[in-house]
Every structure is written in C-alpha cells, then in structure tokens.
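J.: In the order they appear, the protein sequences are chains C, B and V. At position 8 of the first sequence (counting the first as 1) the number is 36 in the working numbering, and the numbers step up by one without a gap. At position 81 of the second sequence (counting the first as 1) the number is 106 in the working numbering, and the numbers step up by one without a gap. At position 151 of the third sequence (counting the first as 1) the number is 249 in the working numbering, and the numbers step up by one without a gap.
Please keep in mind that the hints were generated in silico from the structure rather than gathered at the bench. Being a predicted model, the structure only gives us computed values, none of them experimental. Treat the hints with care, as some may be off.
With beta-carbon atoms standing in for the labels, derived distance ranges [said to hold, decoys possible]: (1) B:PHE283 / V:ASN306: 49 to 55 Å; (2) B:ILE87 / C:GLY373: 26 to 32 Å; (3) V:ASN306 / B:LEU158: 31 to 37 Å.
Calculated from the model, a selection of chain B residues having no Cβ within reach of chain C, i.e. all distances over 12 Å [to be verified]: (4) LEU31; (5) ALA97; (6) ILE135; (7) PHE151; (8) ARG167; (9) TYR182; (10) PRO238; (11) LYS250; (12) ILE264.
Built from N, CA and C at the ideal position, the CB exists for glycine as well.
What follows is each chain in one-letter form.
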Amino acid sequence: MKKVLFVLFTLLIVSSMLLSACGPSAEPTTAPPAETQEPSEEPVATQPPAAPEEKTVVIGFTSSLTGSQEVSSKRQVNGFLLWMNQVNEAGGITLSDGTVVKFDYKTYDDESNGERVQELYTRLISEDNADFLISPYSSGLTSAASIVAEQNGKVLITTGAADDATYKTGNTSLFQLYTPGSLYMSSTVDMLQQLDPEAKVALVYESDKFSTSVVEGIKPYLADKGFEVTLEEGYASGTTDFGPIVNKLAASGATVLLGGGHYEDGTALARTLYERQIGLKFVYLLVAPADTKFPELGDAALGIATSSQWELKATHTEEEAANLGIEWFGPTGEDFAAAYQAAYGDPPTYHVAGGYAAGLVLQKAILDADSVDPEAVKAALNAMNLMTFYGGIQFDTSEAAHGLQIAHKMVVAQWQKNDAGELVRVIIAPADVATNDPLYPVPTP
Amino acid sequence: MQQITLLLTSLPDGILLGFVYGVAAMGLTLIWGVMNVINLAHGPIIALGMFGTFFLFIRLGINPYLGLVPIAIAGLLLGVVIYFTAVHRVINAPHLSSLLATFSVNMIIIGLATAALTTSPYNVDFSLGGFKLGSATILGTRLVAALIAILVTGALYLFLYRTRPGKFIRAVTNNRAAAELMGVPSTRILALSFGLGTMLAAVSGALIATFFPFNILSGGGYELKSFVIGVLGGLGNPIGALIGGLILGVLEGIIPTFMETSWVPVIEFGLFVVILLVRPKGLFGAKK
Amino acid sequence: MKSWQKHLGLVLPLLVVAGVVLWPIITDNVSARESAFTILKAIALASSLNILLGYTGYVSFGHIVFYGFGGYVGLYFVNDHGWSIWAGMLAGGIASGILAFLLGKAILRLRGAYFALATIGINEAMKAFANNFDLFGGPIGMVLNFSVYKAYGGAAEALKMTFYIMAGLTFAALLISHFVRSSKFGLGLLAIRENEDAAEVMGVIAPNAKTWAYVLSAIIPGMVGVLFFFKNGHVEPPVAFPLHSSIELLVMVMLGGQGTVLGPILGAFAYQGMRGYLVTSDFFKDIQLSVSGVVLLLIVLFIPAGAIGWLRHRIPVLRRVLA
C-alpha cells in the first residue's frame with residue numbers, strides 16, 4: 029500500500045515537472061537558431077560580389093534562470109534578445125566588403141552563483157565558439173567571468189555589473205555599460221544640494237558588495253558638498269524586520285535617507301518607513317523603486333526616489349547627441365520601448381535597456397571596426413564615443429580602470445501621484461531631463 | 026538615556042515578531058521531537074505559506090486571517106504527502122539519510138516553484154493601521170499575528186494534552202517502541218506529526234507575508250532562525266519554541282541599539298553555537 | 099596481510115582521479131579542463147569531508163566554512179601582502195587546520211544532529227563575521243588584480259597552473275583519505291563511528307582522535323578555497339560560505355558511499371557530472387534543480403549505502419578492491 033502511494037507520488041512529481049517544462053517556458057527563445065557556419069577566416073577576393081558572404085557571430089553569456097538574481101537577469105537577456113532579433117530580421121549588418129553579419133547566441137544557467145561561471149564561460153568560448161561575450165547579471169559573477177574573457181582575449185561587454193572594483197584589475201577586455209556604483213548617488217546629492225543644503229543624511233544600506241560600494245563611493249562626495257551624515261548603518265542581506273533600524277534612524281535626527289540594497293529589503297524598508305511615519309523629508313533607495321512591481325506597496329511607495337540607468341521618460345535623443353556634438357546610433361527610446369512591450373508585454377526597465385544596449389554597442393563596434401576580428405572590435409570599443417537612447421557610451425581606456433563607463437549618466441526618478449491619483453515614476457533630476465519637480469519634502473498623510 | 030528610549034521603542038516590535046518566529050520554529054521542533062528528523066524542507070514550506078496568503082488575498086480577495094484556514098489544511102496535507110514520499114522509508118536510518126531526504130524535497134519545491142513563480146519578489150499590501158504606545162508604534166498586522174500565534178500555540182497545547190491523537194503523539198515522542206507495543210498506530214501518528222509541523226510552518230509563513238515582502242527563496246532565512254529558536258527553547262519542546270522565538274525577536278529588536286545592524290547574525294549564530302555547547306538541551310529543557 | 103594488499107584499495111581511486119586529470123590534457127580541450135577542475139574540486143572537498151563524516155560518523159553540515167575561511171586567509175596574503183599562491187595556500191591550509199582544532203575541542207562533544215546544527219551555526223556566524231570584518235574587505239570582499247597573474251605568465255597560464263595544483267591537491271586528499279583509513283588511527287575513528295562509548299572503553303581516546311580527524315578534514319578544503327578564489331579573481335562572503343555547497347558535499351559522499359575511499363570520488367564525479375549536464379541541457383535547464391532533487395531522493399530512499407556500499411553488499415568479491 030505504502031509502496032503504491034510512493035510510486036503514485038513520484039509519478040505526480042515527475043509529471044508535474046514535465047508539465048512545467050512543457051508549459052509556457054520562462055525562457056524567451058523566439059529566435060530560430062541561425063545556421064552556425066564555419067567561421068571563414070577572411071573574405072576571399074575571388075568571390076563574386078553578387079553572392080555576399082554571410083557570417084554568423086555567436087554571442088555567449090550566462091544568465092540566472094534560478095537563484096536570487098533571476099528577475100533582473102532575465103530582463104537583461106530579454107533586452108539582448110530583442111536587439112538580436114531586430115538586427116537579424118533586418119537582414120543583419122553589412123560590412124564594407126559585402127559580408128553580411130548575423131547573430132546567434134548561446135547561454136547557460138549560472139544559478140546566480142559564481143561556482144560554475146568560469147566553467148560555463150570557458151565552455152561558451154571553446155565549445156560553442158562564442159565570438160563575443162556579455163556579462164552575467166551582478167558584479168560578483170562578472171568578476172569571475174572577466175578572467176576567462178581576459179585569458180582568451182574575448183571582448184566582454186558588461187551590463188548589470190556596476191561595482192567599480194571589477195574594472196580596476198588591469199584588464200583589457202571589459203567594457204561597462206552601467207554607470208559605475210561609486211557614481212550611483214551623485215546626481216541625487218547634487219539635487220539635494222539645490223533643494224536643501226542643510227539636510228542631515230542617514231546612510232542605511234544592505235551590507236553586500238554592490239550597496240556597500242555605492243555608499244563608500246558617495247561618502248567623500250557628501251563630505252565634499254558639506255552634508256552632515258548622522259547615521260551610517262549597514263544591515264545584513266536577508267534582513268526583513270526594519271523596525272529597529274527605523275527607530276534608530278528616527279533617533280539619529282536625520283532628515284534624508286540614502287541607502288537600500290536590492291528589491292526585497294528595499295520594499296520592506298520603504299514599507300516600515302511608511303508605517304512608522306518618522307518624518308523624513310526624502311528617501312532614496314537603490315534598485316527596488318526602479319522595479320515595475322514597486323507600486324504594489326501602495327501609498328508607501330509615494331515619494332521614494334531611486335536612480336536609474338535608463339528611463340523612458342528621460343530617454344536620450346538624437347537632438348541631445350547633436351547638441352553635444354557626438355554621434356547618434358540606434359533606435360529611439362520610444363521605438364525600443366514599443367518593440368519590447370509588443371514582444372514581452374511589459375514596459376522595459378533599465379535592466380532591459382542595458383541588455384539591449386549591450387547588443388547595440390557591439391553592433392556599432394563591429395560596424396566601426398568593419399570586421400568581426402576581436403582585436404579590431406576592441407579597438408573600436410576603446411575609441412567609441414557614442415550617444416544611444418540608453419545614453420552616452422564611452423569607456424575609460426587607462427590601464428588603471430580599463431572599461432569603466434565614463435559617459436553614461438544616471439537619472440533620479442521618484443514615485444509621485446499623477447492627476448488621477450495613480451502612482452507614476454517621474455524624473456526629477458538632473459534638471460535638463462527632469463519631467464517633474466521633486467516632491468520635497470515628501471508630505472506625510 | 027537616549028539608548029533606553031530607543032530600546033523601549035524597538036522592544037514591542039521584537040516581542041510581537043518573536044511570537045510569529047516561534048510558530049515557525051514550533052513546526053521544526055515538533056517534527057524533531059517526535060521522529061528525530063530535522064526537516065530541511067521547512068524553509069520552502071514557509072515560503073509556500075507566504076504565497077498562499079498572496080494568492081488568496083491578492084487574487085481571490087480573501088481576508089488573510091480567514092485564508093489561514095485553507096493554508097493550514099493544505100500545509101497539513103502537504104506534510105503528510107512529504108512524510109510518505111520522502112521520510113517514512115528513512116525514519117529509522119541514520120540522521121544523514123533523513124537530512125538528505127528532506128533536503129531533496131527542498132530542492133524539488135524550490136526548483137518547481139522557481140519555474141512557476143520565478144524568484145521575483147511579492148508583496149501583500151495589507152494594513153491594519155497602528156497606534157502609538159509611548160515612543161513605540163504598534164502595528165495592527167503584527168499585533169494580530171502575535172495573537173494568532175498565541176492562539177495556535179494554545180490550540181497545539183490543547184491538542185497534544187487533551188485529545189487522543191495528541192496523546193499518541195506525545196507517547197511516540199517519549200518512546201516509540203513502547204507506544205507501538207501499547208497499540209499506538211505509529212506510522213499514522215508520525216505522518217500526522219509531520220503534517221502538523223509543516224502546517225505550523227505554512228501558517229507562520231502566511232502570517233509573515235502580511236507584513237514583509239517575500240519570494241520563493243525567503244523561507245531559507247526563517248528556517249535558519251527556526252534552528253536557532255529550536256535550540257534556544259530546547260529541540261523537541263514546542264512551548265519552549267515560543268519562548269525561544271520571543272528571545273530571538275527581542276534580541277533582533279535590541280541589538281541594533283548597541284551596534285551596527287549587520288552584526289545581528291554574528292551575535293545570533295554565535296549565541297546559537299554557545300547554547301548548543303553549554304546547554305544542548307536548550308534553556309528550557311528538550312523533550313523529556 | 100601483505101603490505102601491498104593493504105594498499106590495493108588505493109589503486110582504483112588513483113586510476114579514477116588520474117583519468118579525470120588526464121582527460122583534458124589528452125584532448126587538449128580548455129572546456130574539458132574547466133569541467134575537470136570543477137570535478138576535482140568536488141572530489142577533494144568530498145574526500146576530505148569523508149574523513150569526518152564517513153570514518154568518524156559526524157555529520158558536518160557546515161564543512162564549507164573551512165573552504166571559505168582558509169580561502170579568505172590565503173587570498174588576503176596573496177592580495178594584500180603579495181605572497182605567492184603557494185605561500186597563500188599554505189597559510190590557508192594552516193588557518194583552516196587551526197580553526198578546526200579549536201572548534202573541534204569545543205563542538206565535537208556534541209553528537210548526532212546537535213553537532214550538525216552547530217556546524218551550520220558556525221558557518222553562518224563566520225559568513226556574517228566576514229561581512230563585518232574590514233581586514234577582509236567586509237561586504238565588498240577582495241578583488242584580485244590581474245597583475246598578480248603576470249608572475250605566473252599571464253591569466254591563461256595561471257588558470258592552467260591552477261588546474262595542475264588542483265590535481266595535486268586532489269591526489270593529496272585521496273592519499274590522506276586512504277592512509278587515515280588503513281591506519282590504526284583510522285581504525286579508532288571507525289570504532290567511534292560504530293559506538294563511541296564502546297570505543298573509549300577499548301582504549302580509543304575519542305576526543306583527541308575526533309579532533310585530529312576534524313583537523314585533517316579541514317586542511318585540504320582550506321587550500322582548495324585559496325586556489326579557487328585565486329582562480330575566480332575575487333571573494334565575497336556569500337561566495338565563500340555557501341551553506342548550499344556544504345549540503346552538496348554531503349550528497350556527494352552519500353551518493354558514492356560514505357566511509358570508503360572510492361565512494362566520495364565517484365559521488366563527486368557523478369553529482370557534478372549530473373549537475374553539469376542538467377544545467378547545460380536544453381530540456382532540463384529550467385527545472386534542473388527539481389530533477390536533481392528527485393534523483394537525490396530516489397537514491398537516498400533506495401540505495402542509502404551509496405554506490406560503493408551497494409556494490410560491496412551485492413558482490414563480496416569486490417570488497418577488497420573497493421575500499
């Protein structure tokens with residue numbers, strides 16, 4: 029009897045697994061894998077130009093299908109796939125010798141954990157013949173991947189890897205698309221200086237790699253601008269009860285909070301702040317408020333600000349590029365957002381934009397280099413000074429911090445209520461792209 | 026002086042939360058007491074309880090406290106299912122077997138739930154307001170959760186001491202072989218105990234979901250807390266678990282007063298090891 | 099028993115590990131080398147754990163703490179003081195050994211599940227401590243500068259070198275495992291596993307024996323940690339002390355058969371092979387975790403003695419070879 033039961037349950041589990049495997053898979057494979065051709069060395073001159081040679085470039089990356097980074101990582105991948113499908117559907121890109129370059133990709137699950145990242149990237153390079161690499165999501169995983177890329181001389185375009193330290197290793201192959209962590213909060217501090225130079229700042233942040241490096245980066249800047257920091261408090265990852273921290277915050281006399289970490293702790297902190305009403309004038313949190321799910325918090329979301337790598341409402345334009353006198357490349361932000369919405373049914377977040385931009389930057393570099401040779405593409409990336417919908421793209425080429433992003437600027441977004449009383453995320457800084465005035469101080473209900 | 030004010034402000038929070046931690050730990054410690062199995066699937070079941078609240082309240086609009094009833098029933102059934110599939114065969118095997126068996130259940134639940142629900146965070150926007158008590162703010166959701174936790178403990182106590190199956194459970198806890206000789210249907214009692222343990226885990230998850238955001242991996246943290254509480258209160262002692270929960274809650278409330286919050290886990294786990302060494306039976310004695 | 103017969107059990111383990119080491123060298127395939135590295139790492143860690151778990155019968159749930167702690171200490175000297183990887187590894191191994199000695203004196207008094215729980219607590223406490231310890235970079239951890247690799251002929255050469263060192267460490271783990279098992283000391287451990295009180299009566303000084311088993315099981319993981327973080331180029335607390343990996347190690351030992359030399363090797367090989375396959379398989383990758391769980395559950399329920407135990411039970415002739 030028990031044996032029968034056991035067999036039944038096993039069957040149940042196995043069949044439910046099969047169902048979930050066959051059901052609407054989370055993985056957005058819309059692209060039919062293009063025929064991978066043998067990478068022919070160089071276009072042979074005797075070929076008639078009438079039959080343009082077609083080349084498929086393989087882009088490799090790991091993504092987090094499981095584990096804690098899953099959400100952001102999948103968005104990043106979706107953005108990349110959108111770019112790839114668009115380019116392939118448009119017939120690929122054509123080099124001056126008539127070669128048509130199309131793209132394919134290969135990815136594995138890194139389980140949000142660094143243990144296999146090097147193994148998988150090596151596999152991408154040596155087994156799957158990846159020509160170019162994109163980073164996993166998160167700085168830690170990217171650090172591990174960067175060594176393999178460096179070792180094989182492969183370009184590694186990083187997105188979702190903000191931490192500065194990864195780039196200060198003497199590498200030559202990393203190219204960062206995100207604004208580095210140390211500059212995350214600087215536009216917010218600039219804005220605060222305009223609004224309220226007397227503000228007393230509390231830094232309350234998750235004590236993990238990313239958030240700590242952001243806070244360490246902003247401390248000298250705060251001191252420079254003459255702000256008083258009344259509380260500096262790291263909390264362990266996985267903290268859920270923010271009551272004691274908020275009480276401490278209230279006791280410190282701070283008027284402005286800068287901090288946060290990732291989604292869960294950020295929402296919990298925002299919620300606790302709202303429940304306790306300790307009269308802060310302004311709250312800035314990392315990451316969480318940039319997510320489309322943040323308004324699930326209801327009124328607790330009101331007034332919470334964050335910085336974002338990209339916002340549709342502050343998307344960069346060709347006009348902006350012209351004013352700055354730098355080259356413009358790629359679709360407009362509106363076209364990108366509409367295409368993404370059509371393909372995935374969600375408005376794009378900055379993770380998506382980052383993934384898309386990774387493809388776009390690579391495409392531009394291949395065009396500039398007029399070749400898919402890694403060294404030529406690397407040179408083109410080093411020389412790049414570009415404006416896209418995602419923002420400015422220029423890389424530090426010094427040996428000390430190669431690949432660090434130096435042109436891209438973050439915007440400050442805040443959850444405010446529109447006329448209909450709905451929560452919307454608006455841009456409040458920098459002034460030249462702001463759509464609304466900052467809500468400052470945030471009203472108490 | 027300021028520190029004392031801060032302490033008094035944070036204390037009520039810790040106490041209220043401690044009751045809920047206590048319920049989670051009670052589930053773990055009950056299973057341990059009855060069958061000497063550490064249930065490593067405890068965390069994912071807590072997380073499933075959280076999702077129970079989310080789907081019942083957000084999707085179906087059922088009041089979270091009313092929703093506890095179906096969640097408890099589902100938790101009980103799930104526990105019985107897990108017992109017969111994974112635990113029953115290894116109940117007399119060395120510890121390692123039952124640890125790994127429940128760990129594989131953990132992997133299965135997390136894997137399936139990640140595929141179905143993703144690891145994206147969920148949030149139950151539910152509030153009962155709050156009121157001021159001196160400098161402290163008492164939140165409605167936490168107060169109700171604490172009351173429910175006390176009710177659940179009381180009910181469990183009555184069940185264990187006043188009903189026949191409850192007495193059987195205690196008999197099996199004391200001495201399974203003897204209980205079997207006295208005609209206690211031990212397999213059914215073991216399954217029931219495992220079910221009760223998972224039920225408590227699911228209920229605590231459902232309560233936690235009313236005040237904290239969560240995702241499918243969130244249960245892991247509460248599982249670790251349950252270990253600490255279980256050891257504080259004495260493994261296998263359900264009432265001790267409630268008191269252990271209170272101690273942990275209070276610690277979490279007051280440690281940030283004296284040092285940076287990121288030290289909380291260092292103190293927690295350090296204390297855990299010390300108690301194991303000094304009083305392995307827990308502060309209030311393990312199962313008799 | 100003749101002395102060569104005593105070491106018969108070492109032949110098969112050596113052959114298996116040599117096969118794993120030679121496979122990428124013969125095929126000259128970098129990807130195979132990386133996979134082999136992962137497998138060797140698992141073998142070294144699982145074999146070390148086996149000294150405590152398999153021979154002595156103590157379930158260490160947080161064994162990865164030695165890997166993390168040793169790794170942190172070694173990388174600190176490599177990164178901040180310019181030590182070579184060799185010196186760093188030595189430092190890491192010694193640090194883990196000392197930690198194990200001190201811990202062993204305290205927690206090996208606990209038995210059964212209480213010991214298992216204590217090791218979890220120690221791992222978590224250590225992780226949280228590293229997160230607050232500024233010398234080790236706190237939450238940011240340490241990032242290795244690529245120039246460190248220059249001393250070894252560049253990143254490519256350095257990564258190749260780590261493979262050979264890993265192979266060396268794996269052989270060392272294996273030899274330790276074998277010699278502990280075939281020594282009088284190991285016999286004492288086995289006696290403790292079967293019945294600690296009886297063993298004491300028979301003259302085994304259990305507290306000392308257990309502590310030294312704990313120390314022996316900690317040194318190699320400490321060295322592996324240094325090597326892995328050196329290869330990975332960075333370390334941060336969650337990477338160094340993953341409780342999950344501790345449990346995976348237990349799974350490996352269990353799969354192959356605890357208390358044997360060959361068991362953990364086969365277990366590590368099978369487990370890493372399976373995970374590696376599932377993660378990269380198109381069909382399973384979305385639910386690979388659940389599939390692993392089901393496979394593990396079936397093995398725990400139906401072959402609790404592990405592959406080696408099962409074989410020894412079924413085919414008595416093999417008992418001498420499958421030590």
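J.: The hint says 26 to 32 Å between B:ILE87 and C:GLY373; measuring C-beta to C-beta, is that right?
T.: Given range 26 to 32 Å: holds, Cβ gap about 28 Å.
J.: Minimum Cβ separation between B:ILE135 and chain C greater than 12 Å?
T.: Check fails; 8 Å does not lie beyond 12 Å.
J.: Verify that the Cβ of B:TYR182 lies farther than 12 Å from every Cβ atom of chain C, and report whether the claim holds or is violated.
T.: holds (27 Å)
J.: Taking the shortest Cβ-to-Cβ distance between B:ARG167 and chain C, state whether it exceeds 12 Å.
T.: Incorrect as stated: the minimum Cβ-Cβ distance to chain C is 9 Å, not above 12 Å.
J.: Mind verifying the non-interface call on B:LYS250? Its CB should be farther than 12 Å from each CB in chain C.
T.: violated (10 Å)
J.: Once the closest CB in chain C is found, is it more than 12 Å from B:LEU31?
T.: Violated, because the least Cβ-Cβ distance between B:LEU31 and chain C comes to about 5 Å, which does not exceed 12 Å.
J.: Please check whether the beta-carbon of B:PHE151 is more than 12 Å away from every beta-carbon in chain C.
T.: Per Cβ check, B:PHE151 is inside 12 Å of chain C; nearest 9 Å; violated.
J.: Could one say that the CB atoms of B:PHE283 and V:ASN306 fall in the range 49 to 55 Å?
T.: Taking Cβ atoms as reference, B:PHE283 and V:ASN306 lie about 40 Å apart, which means the hint is violated.
J.: Would the least Cβ to Cβ distance between B:ILE264 and chain C come out above 12 Å?
T.: holds (23 Å)
J.: Against chain C, does B:ALA97 hold up as non-interface, every C-beta pair farther apart than 12 Å?
T.: Per Cβ check, B:ALA97 is outside 12 Å of chain C; nearest 21 Å; holds.
J.: Tell me if the beta carbons of V:ASN306 and B:LEU158 are separated by a distance inside 31 to 37 Å.
T.: violated (56 Å)
J.: Determine whether the non-interface label on B:PRO238 survives the test: each CB of chain C must be over 12 Å from its CB.
T.: violated (4 Å)
This entry does not satisfy hints 1, 3, 4, 6, 7, 8, 10, 11, going by the numbered hints stated previously.
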